[in-house]
Amino acid sequence: MLALKNLRAGYGDIEVLHGVNLEVNTGEVVALLGANAAGKTTLINCVSGLISAVEGQILFAGKDITKLPAHERASIGIIQVCEGRNLFPDMTVEENLELGAYSVRARRYLKETLDSVYQLLPILKERRKALAGSLSGGQQQMVALGRGLMSRPKILMLDEPSLGLAPVIVETVFQAIKRIAETGSTILLVEQNVVKALEIASRAYVLENGNIVMSGKASDLAKDDGLRRAYMGI
Amino acid sequence: MLRVEGLYKAFGGLRVLEGIDFQVAEDEIVGLIGPNGAGKTTLYNVITGYYKPDAGHVLLDDEDITGLSPAQVCRLGLCRTFQIVKPFGNLSVEKNVAIGSLVRTRSVKEAHRAAMEEILFLGLEHLKDVPSRSLTLSDRKRLELARALATKPRFLLLDEVMCGLNPTEVKGMLDLIRRIHDRGIGIVVIEHIMTAVMSLSDRVVVLSQGKVIKDGTPQEVSCDPEVIKAYLGEGYQHAGT
Amino acid sequence: MKLDKGKIINSWPFVIAILGILAISKIENQYYLGMIFNTLLWVAIAGSWQIVGGYAGEFSLGHAAFFGIGAYTSTLLYIHFSVSPWIGMFIGAAFAGIIGFLLSWTCFRLRGHFFTLATLAFGQVVLIIATSWRSLTSGSEGLLLPIKMGFWQMSFESKHAYVYLVLIYAISVILFTYVMERRRLGYYLIAYRENDEAARSLGVNTFRARLTASTISAFFTAIGGTIYAQYTFFIEPESVLPVTLSIQAPLVSIVGGLGTPFGPLFGAVLILPLSQFLRGIFGSSFNGLHLIIYGLILIVVLLLMPSGLGPVILKGWRKITGAQVKKINASG
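As they're listed, the protein sequences go chains X, G and R.
If you're matching positions, the first sequence starts at 1 in our numbering and goes up one per residue.
If you're matching positions, the second sequence starts at 1 in our numbering and goes up one per residue.
If you're matching positions, the third sequence starts at 1 in our numbering and goes up one per residue.
In silico DSBU-like links for lysine-lysine, alpha-carbon gap of 30 Å or less:
id	chain 1	residue 1	chain 2	residue 2
1	X	Lys5	X	Lys178
2	G	Lys109	R	Lys319
3	G	Lys86	G	Lys128
4	G	Lys229	G	Lys211
5	G	Lys229	X	Lys178
6	G	Lys86	G	Lys171
7	G	Lys214	X	Lys223
8	G	Lys109	R	Lys315
9	X	Lys223	G	Lys229
10	X	Lys5	X	Lys223
11	G	Lys128	G	Lys171
12	G	Lys152	G	Lys109
13	X	Lys223	G	Lys211
14	X	Lys178	X	Lys63
15	G	Lys86	R	Lys315
16	X	Lys178	X	Lys125
17	X	Lys5	G	Lys171
18	R	Lys315	G	Lys128
19	X	Lys67	X	Lys154
20	X	Lys129	X	Lys111
21	X	Lys63	X	Lys217
22	G	Lys128	R	Lys319
23	X	Lys217	G	Lys229
24	G	Lys171	G	Lys229
25	R	Lys26	R	Lys159
Chain R stretches covered by chain G per the calculated footprint, using a threshold of three residues with CB under 8 Å from any CB of chain G:
id	region
26	183–191
27	198–205
Derived from the structure by calculation, the hints contain no laboratory data.
On a predicted model such as this, the values are computed, not experimentally measured, just so you know.
Note that CB positions come from ideal geometry on N, CA and C, so glycine has one too.
Next comes chain X alone, as it looks inside the complex (with noise of 0.2 Å):
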């Protein structure tokens, strides 16, 4: 569904992904794994269309959508949850979630959306008066799950959901996340958490300084140790 080719982006003067061969196949959930500063966030961002691809493509159901502007490519169906949940503090859960579906295209389908979201992930219809400001890290993070659930996504783009929980807390995330991927939704997870990533995806990629140095199945990947060699550098 979605492919990116020799991808190079970055900000200003800094190119900071350079040439990146990249594809997420329909149901899949793909994980894209890598240090800090590798250029994870950049990569769906440039997907996103937040940031521009200064050479290659990116292909999205066969078309290709590099020069479409960020807003077109929500509508769409590329739904990106952005690092650090992002939420509406002083909006209540129900409110943050209806905001999900701004885009023509979901807000057609709004009640039945939220009701499939309220029942992938409970603790959002039990709280969901709440002023999302006053939820726990973990719960905030539902919200902003079932906030790109709502956008009825085709692909739906996680940037590092467990960062900043505590392990216990990102155990439920992952969880969630494992129910959103049996659904048959699309997923590309970045993730830092190596180990919880590789559990629910079923193909990884790893992205050091920019450059994709390894990938393949996930169960390959776990127990390979040119992924602790990529990670450590030695």
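Given the structure of chain X, go ahead and fit chains G and R onto it with the hints provided.
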């Protein structure tokens, strides 16, 4: 010898450094690594006087320099660079570096002469009159190094100096750091490019959640279970174990 | 031959100064002399402001306070204790310097807009003190200076003497700025202006540099206050302490070229005669029109010549004379 003993630093309720002990000798390059938010830059800020620690000491050759201002720390021979480079944008490269030299001499003329030495060392002489805001990132990083070297430091604390550089530039930077070290300057390197840090460092100190979880050779550190857990998460079983 | 031409290009300030002095001695028209006095006074005030506002990058909108402190100190010492204004001038300047030092010390943690607001408040406070402390300053009624001519009284029959006096003042400020720019203090102030954190990491005691700049700037500004008092023989809060004075100082500097020694010269020469002219035409009918014109000039300059009039003119001058140098060298 630059030594840090029992450093604690919290910002309000957020505890960033929780008892840091480590040291660098002038003949060493020490890598300082750790996941994001581990406290590495805060450690630099405390050592160089931008923050006062809540407890603990910073010692330079057994002299307690805890709590001295950044300017005083620089005069004593400790200089740092910044993760996001901070050139004096409207000034030429030469003037930028001369300001560094002025900590060692009152004479502006002498400062310019000394500055040119560092500019030559860093290979920036063809840019000496260019306003620093027009430089590419790679050159700005070199400028920041030249400026720091102009203060004639005994210890140089580098903060992600390779961040944003392409592979060729990273190689160039590695060479540069080695050449700086050859001048007898002790170097601490915060870096995320692991291959670079591991090949450069004599010793590596790993920070995680405000504590030192390992202090050893690159080999020791890269296979240490606690370090691997910090980077990859709990439960990673790799081919080596 | 080659060396001579190079020296000629850079000697333009001396040429202008000498021509200026000769011209002044020839002019008899009192109105023009007054305009020249005003212009040169502002060269010096803007130049003094620049030390803090241009080089250190701290945008003060309260410098009228120092001008007024200078004027009131020397005048009060003169009226009540018959202290010669020459001595009173330096006492006033020293006093202003101390106030400038204290201001910088207390506002140390303030950055950017907050610093500017603090100086604005400071300027207003001094104005209010001068207006209210009637037993000392006679408030809004102002103070009349004794009309007793003589060198020691810094009171002269002819305007020429005042013009030469203010010329020396202006030249001193420009000279100081020129030298400071090339010495460590200048470098350190600019480093602070460009990036405080980086400057400190390189051993620059930015706190001390700022204090020094503030003290010197206040000192120099206050001298203008005394000279003005001696020229007009009358001072009142609204003439030596108004916020419009505080605004005109940065205006002249920016238009002429912020952070350059000769910027205030170019700025003053453009703005002062213009303002006097406008006031002459519209003064009573449209009070404040000159401020509108100032605003427009500022906008135009910042859009077209952001580095100021001075650098643009000097670059042009160097291009023209540089081209001539090349021609001579090629053929000669």
